[in-house]
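Taking the hints into account, I'd like the entire structure generated from these sequences.
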Amino acid sequence: MTRNQKLLADTLKATRLWRVWTFLGVQDIKARFRRSFFGPLWIIMTTAFFVGGVGMVYGLLFGQAVHEFLPYLAGGFAIWSLILSSLTDASGSFIRAEGYIKQFSYPKQIYLMRNLVSYTIVFLIGILVLIPVQLFFDQFVLKGWLLAVPGIFILLLGTLGHITISAYVGTRFRDYPHAMGVVLQMLFFITPIMFPAEILQQKGLSFIYQYNPFYYLIDVVRHPILQNEWALSENYIFAVIYVLVIWTAAILIAYRLDSRVVFLL
Amino acid sequence: MTRAFINLQNVGLNFEGQLSTYEGLSGWWKRRFISRKMSAPSSYRIEALKNINLKIQHGERIGLIGLNGAGKSTLLKVMAGIYPSTSGRVEIKGHVCPMFEFATGFEMSQSGWDNMRIRGMLLGMTPDEIEARLPEIAEFTELGEFLDYPVRTYSSGMFIRLAFAVSTSINPEILLIDEVMGAGDIAFAEKAKRRMFKFMEQGKILVFTTHNFNLLEDFCSRTVWLHKGEIVADGPTSDVVKQYSEEHKNI
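These protein sequence lines are chains A and B, in that order.
Letter 218 of the first sequence, counting from 1, is numbered 431 in the numbering used here, and no numbers are missing.
Letter 113 of the second sequence, counting from 1, is numbered 465 in the numbering used here, and no numbers are missing.
Because the hints were derived from the structure by calculation, they are not lab data.
You may find that some hints are simply not true.
As the list claims (entries may be wrong) - With beta-carbon atoms standing in for the labels, derived distance ranges:
{"id": "1", "chain 1": "B", "residue 1": "N566", "chain 2": "A", "residue 2": "S472", "range": "54 to 60 Å"}
{"id": "2", "chain 1": "B", "residue 1": "G376", "chain 2": "A", "residue 2": "R469", "range": "53 to 59 Å"}
{"id": "3", "chain 1": "A", "residue 1": "F251", "chain 2": "B", "residue 2": "S463", "range": "19 to 25 Å"}
{"id": "4", "chain 1": "B", "residue 1": "S508", "chain 2": "A", "residue 2": "L359", "range": "24 to 30 Å"}
{"id": "5", "chain 1": "B", "residue 1": "H410", "chain 2": "A", "residue 2": "W443", "range": "54 to 60 Å"}
{"id": "6", "chain 1": "B", "residue 1": "Q595", "chain 2": "A", "residue 2": "L457", "range": "58 to 64 Å"}
Unchecked claim - Below, simulated DSSO-like cross-link-like pairs (lysine-lysine); rule was C-alpha separation at most 30 Å, straight line:
{"id": "7", "chain 1": "B", "residue 1": "K580", "chain 2": "A", "residue 2": "K315"}
{"id": "8", "chain 1": "A", "residue 1": "K226", "chain 2": "B", "residue 2": "K445"}
{"id": "9", "chain 1": "B", "residue 1": "K445", "chain 2": "B", "residue 2": "K407"}
{"id": "10", "chain 1": "B", "residue 1": "K550", "chain 2": "A", "residue 2": "K219"}
{"id": "11", "chain 1": "A", "residue 1": "K315", "chain 2": "B", "residue 2": "K402"}
{"id": "12", "chain 1": "B", "residue 1": "K407", "chain 2": "A", "residue 2": "K219"}
{"id": "13", "chain 1": "A", "residue 1": "K226", "chain 2": "A", "residue 2": "K356"}
{"id": "14", "chain 1": "B", "residue 1": "K601", "chain 2": "B", "residue 2": "K545"}
{"id": "15", "chain 1": "B", "residue 1": "K402", "chain 2": "B", "residue 2": "K382"}
{"id": "16", "chain 1": "A", "residue 1": "K315", "chain 2": "B", "residue 2": "K543"}
{"id": "17", "chain 1": "A", "residue 1": "K243", "chain 2": "A", "residue 2": "K226"}
{"id": "18", "chain 1": "B", "residue 1": "K580", "chain 2": "B", "residue 2": "K445"}
{"id": "19", "chain 1": "A", "residue 1": "K315", "chain 2": "B", "residue 2": "K407"}
{"id": "20", "chain 1": "B", "residue 1": "K445", "chain 2": "A", "residue 2": "K219"}
{"id": "21", "chain 1": "B", "residue 1": "K407", "chain 2": "B", "residue 2": "K550"}
{"id": "22", "chain 1": "B", "residue 1": "K601", "chain 2": "A", "residue 2": "K226"}
{"id": "23", "chain 1": "B", "residue 1": "K407", "chain 2": "B", "residue 2": "K545"}
{"id": "24", "chain 1": "B", "residue 1": "K580", "chain 2": "A", "residue 2": "K219"}
{"id": "25", "chain 1": "B", "residue 1": "K601", "chain 2": "B", "residue 2": "K580"}
{"id": "26", "chain 1": "B", "residue 1": "K445", "chain 2": "B", "residue 2": "K382"}
{"id": "27", "chain 1": "A", "residue 1": "K315", "chain 2": "B", "residue 2": "K550"}
{"id": "28", "chain 1": "A", "residue 1": "K315", "chain 2": "B", "residue 2": "K545"}
{"id": "29", "chain 1": "B", "residue 1": "K402", "chain 2": "B", "residue 2": "K580"}
{"id": "30", "chain 1": "B", "residue 1": "K601", "chain 2": "B", "residue 2": "K445"}
{"id": "31", "chain 1": "A", "residue 1": "K315", "chain 2": "B", "residue 2": "K445"}
{"id": "32", "chain 1": "B", "residue 1": "K402", "chain 2": "B", "residue 2": "K601"}
{"id": "33", "chain 1": "A", "residue 1": "K243", "chain 2": "A", "residue 2": "K315"}
As the list claims (entries may be wrong) - Derived coverage of chain B by chain A (criterion: at least 3 residues anywhere in the stretch with Cβ under 8 Å from a Cβ of chain A; other residues may be distant):
{"id": "34", "segment": "433 to 439"}
{"id": "35", "segment": "450 to 461"}
{"id": "36", "segment": "483 to 492"}
{"id": "37", "segment": "553 to 566"}
All values reported here derive from a predicted model rather than from experimental measurement.
Built from N, CA and C at the ideal position, the CB exists for glycine as well.
This is the structure:
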């Protein structure tokens, strides 16, 4: 069996084992909050604290109306957290599963899917925080949430690509999570999350977000939920292009490193 | 029913890596400026398996013998698909059930019950099968109320009981066992032995490593002797065991 045949066969087999990785992913969430008093409520509280604190200050700073700015922040923060986990935490996917990888014969890809499951759960809880906020400001429209579904789908595909790259590269180069942490911390401040993209536009600095692929991943989810309309069609196009690029990279990386992972643990 | 088989042709496996003293920035510094004149190697390369040819048919039971470090466990891991071979062809038909370690692969903060579920799934059981067998597995472990505790509170012996009970509760096709009787305290050992033997009977193919010749003669007609990653002898158990004992008589 050649290398790409093996990778393909493993991936297909991993897909069929969905019950295994779903179970593992849900267990991870339970384990993460075991023995903590508030449990998964922490996911909501993290967003709430961030939005509460930053919302006040930045709202004043950028002259934003609270009823628009708080949902904007909460949405952006939940999506950003997903991107952040998929690029930093995910680099430990194989390393944390070492005990399993070295003694069971299942394809390694189930440990990628396991992370996708747990990150998705955290993300969904985080983004659902928006609903009470929207209800409070009397902005909740179901249609907006339905229009966000394709965007969420694109975002999750991108997340799986991120996880794959991080898991393989992070196993080979242990500097990876640290490096990504540094880069993403910087990107957090220049991506339109804590401020609206229009502010950059007004200052003639549009290129700062236009060249930032994460902006498109965020916008295709956030814009429909907040504005009850589709995001700009070019934003969907850019998001999809980014996902395709990431997947191509992920496949090439997996192809190169898949057979070496077990020796690198 | 499919016929299980294992077919290894000219299989070789190398382990390569960097020695930890020469890792990272400090290692680079050392290599560059300090130990320049020293010819100490900074990386290693071990031929763990060399030119292995092995055909195992449906219904065969095979014992692997050899000194420590001969490549027995590595060969089992190649058969299990855990280690990809560096060269040669590996063909395996049938669901592989590896029993290698009882001491790793636990979720420390989760209960014994959840760990039994996870282990069962990773060994190929469906969730329904696991739920149906949980009471029997739990009873065998004799861990009682400890199963509700997070496993980080367990002693090493308790880990072994848990892992052993789950691993031996499945229906294996190809059963690969490293160190057949490496498990269990005295009280548990007799019970574990009986269960293990019953379990070994079920596999359509059984390959196991052992240092116990009685076990070899009881269980398998064919034995493979590995030495430094190569097959030295492959044949009827009594012949191979005889050769092996001759060779190591003096030790």
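Here is what the structure says about each hint:
1. N566/B <-> S472/A: 54 to 60 Å: Hint violated: Cβ distance 39 Å, outside 54 to 60 Å.
2. G376/B <-> R469/A: 53 to 59 Å: Hint violated: Cβ distance 22 Å, outside 53 to 59 Å.
3. F251/A <-> S463/B: 19 to 25 Å: Given a distance of about 20 Å, which is inside 19 to 25 Å, the answer is holds.
4. S508/B <-> L359/A: 24 to 30 Å: violated (53 Å)
5. H410/B <-> W443/A: 54 to 60 Å: This hint holds: roughly 59 Å between Cβ atoms.
6. Q595/B <-> L457/A: 58 to 64 Å: holds (60 Å)
7. K580/B <-> K315/A: holds (22 Å)
8. K226/A <-> K445/B: holds (14 Å)
9. K445/B <-> K407/B: Answer holds: K445/B to K407/B is near 12 Å, not above 30 Å.
10. K550/B <-> K219/A: violated (34 Å)
11. K315/A <-> K402/B: holds (21 Å)
12. K407/B <-> K219/A: OK: K407/B and K219/A at ~21 Å, within 30 Å.
13. K226/A <-> K356/A: Distance ~37 Å between K226/A and K356/A Cα, so the pair is violated.
14. K601/B <-> K545/B: holds (28 Å)
15. K402/B <-> K382/B: violated (34 Å)
16. K315/A <-> K543/B: Answer holds: K315/A to K543/B is near 27 Å, not above 30 Å.
17. K243/A <-> K226/A: Holds, at roughly 26 Å.
18. K580/B <-> K445/B: holds (27 Å)
19. K315/A <-> K407/B: Given pair K315/A, K407/B holds - Cα atoms ~24 Å apart, limit 30 Å.
20. K445/B <-> K219/A: Holds: K445/B and K219/A sit about 14 Å apart, inside 30 Å.
21. K407/B <-> K550/B: This hinted pair holds, its Cα atoms lying about 25 Å apart.
22. K601/B <-> K226/A: violated (48 Å)
23. K407/B <-> K545/B: holds (28 Å)
24. K580/B <-> K219/A: holds (28 Å)
25. K601/B <-> K580/B: Holds. K601/B to K580/B sits at ~18 Å (cutoff 30 Å).
26. K445/B <-> K382/B: violated (49 Å)
27. K315/A <-> K550/B: holds (26 Å)
28. K315/A <-> K545/B: Answer holds: K315/A to K545/B is near 25 Å, not above 30 Å.
29. K402/B <-> K580/B: holds (8 Å)
30. K601/B <-> K445/B: Not satisfied, since the Cα-Cα distance of roughly 38 Å exceeds 30 Å.
31. K315/A <-> K445/B: holds (20 Å)
32. K402/B <-> K601/B: The hint holds at about 25 Å.
33. K243/A <-> K315/A: holds (24 Å)
34. 433 to 439: Contact hint for the segment 433 to 439 of chain B vs chain A: holds, 4 residues under 8 Å.
35. 450 to 461: holds (count 8)
36. 483 to 492: violated (count 0)
37. 553 to 566: violated (count 0)
Hint compliance for this structure: hints 1, 2, 4, 10, 13, 15, 22, 26, 30, 36, 37 are not met, and every other hint is.
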